[in-house]
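Asks: These are the residues of each chain, in order.
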Amino acid sequence: KQEVTQIPAALSVPEGENLVLNCSFTDSAIYNLQWFRQDPGKGLTSLLLIQSSQREQTSGRLNASLDKSSGRSTLYIAASQPGDSATYLCAARTDSWGKLQFGAGTQVVVTP
Amino acid sequence: DGGITQSPKYLFRKEGQNVTLSCEQNLNHDAMYWYRQDPGQGLRLIYYSQIVNDFQKGDIAEGYSVSREKKESFPLTVTSAQKNPTAFYLCASSIDRTGRSEQFFGPGTRLTVL
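Listed in order, the protein sequences are those of chains V and H. As numbered in my numbering, residues 34 to 145 make up the first sequence, in order. As numbered in my numbering, residues 194 to 307 make up the second sequence, in order.
If you are wondering where the hints come from, they were derived from the structure by calculation, not from laboratory data. Any given hint could be a false lead.
To be clear about the criterion: a stretch of chain V counts as covered by chain H if any three or more of its residues have a C-beta under 8 Å from a C-beta of chain H, and this derived list gives those stretches [unchecked claim]:
#1 56 to 70
#2 73 to 82
#3 118 to 131
#4 134 to 145
Taking lysine-lysine and the DSS-like style, the derived pairs with C-alpha atoms no more than 30 Å apart in a straight line are [unchecked claim]:
#5 H/K207 with V/K34
#6 H/K202 with H/K264
#7 V/K75 with H/K207
#8 V/K75 with H/K202
If you want the ones that stay clear, here's a sample from chain H, every Cβ over 10 Å from chain V, calculated [as the list claims (entries may be wrong)]:
#9 S200
#10 F205
#11 E217
#12 N219
#13 L220
#14 V245
#15 Q249
#16 E265
Virtual Cβ for every residue (Gly too), placed ideally from N, Cα, C.
Just need the whole structure built from these sequences, with the hints factored in.
Replies: The structure is reproduced here in structure tokens:
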């Protein structure tokens, strides 16, 4: 059974620093990996989707890498801002019909 | 605007009552999903549907039921058989059933049992 882990559970950085968020998964047979942002009491906002054939995906200040052989994905957020404070979740898709296996998330606080 | 709507935002249930959570999407997506989120845990899949009039159990389907009579609607009923229903419920959809498409989420419904 696929297990997805996100370490650390919480992270605090000063504004302007680059953020590095880690996601590991136990089964490398994934279709894709998706990163989400969740603000308190809100739904999930999709940030990036990396297909299994891709090594990385970029959108603005966000860059996500995928290394299936080692079972890892990393989300980089450049030049962090207080508005980046949120919980970040990664999810691996291992079934053809679309089930996502989620990590528990990393709660990020960016201090001014 | 295209998107996923969930209602109500907050829902309170008494012991022994059934309640229904609404999920509607105007994205013309084939697949729809229901997840449950508990504090400090990742999301867990309750039910999913790939096409109209078809749905499958997820990892934690006991005490829940769904229907998919229309492409745009996927309501979830929390029955009295669900032992610990207090949680945040999230509905999601994706454009197709290939397993490669991006999944989008609604704003969620917070259910509290009184």
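Asks: Work down the list of hints and note, for each, if the structure agrees.
Replies: Consistency of the hints with the structure:
1. 56 to 70: With 4 residues close enough to chain H, the hint holds.
2. 73 to 82: Satisfied; 7 residues make the cut.
3. 118 to 131: Satisfied; 7 residues make the cut.
4. 134 to 145: Coverage by chain H holds here, the residue count being 5 at a Cβ distance below 8 Å.
5. H/K207 with V/K34: Outside the cut-off at roughly 36 Å; violated.
6. H/K202 with H/K264: holds, 22 Å
7. V/K75 with H/K207: holds, 24 Å
8. V/K75 with H/K202: holds, 10 Å
9. S200: holds, 13 Å
10. F205: holds, 16 Å
11. E217: It holds; H/E217 is separated from chain V by about 14 Å at its closest Cβ, greater than 10 Å.
12. N219: Non-interface label stands for H/N219: nearest chain V Cβ at 16 Å, farther than 10 Å.
13. L220: holds, 12 Å
14. V245: Answer for H/V245: holds, closest chain V Cβ roughly 15 Å.
15. Q249: Nearest chain V Cβ is 8 Å from H/Q249, so the label is violated.
16. E265: holds, 18 Å
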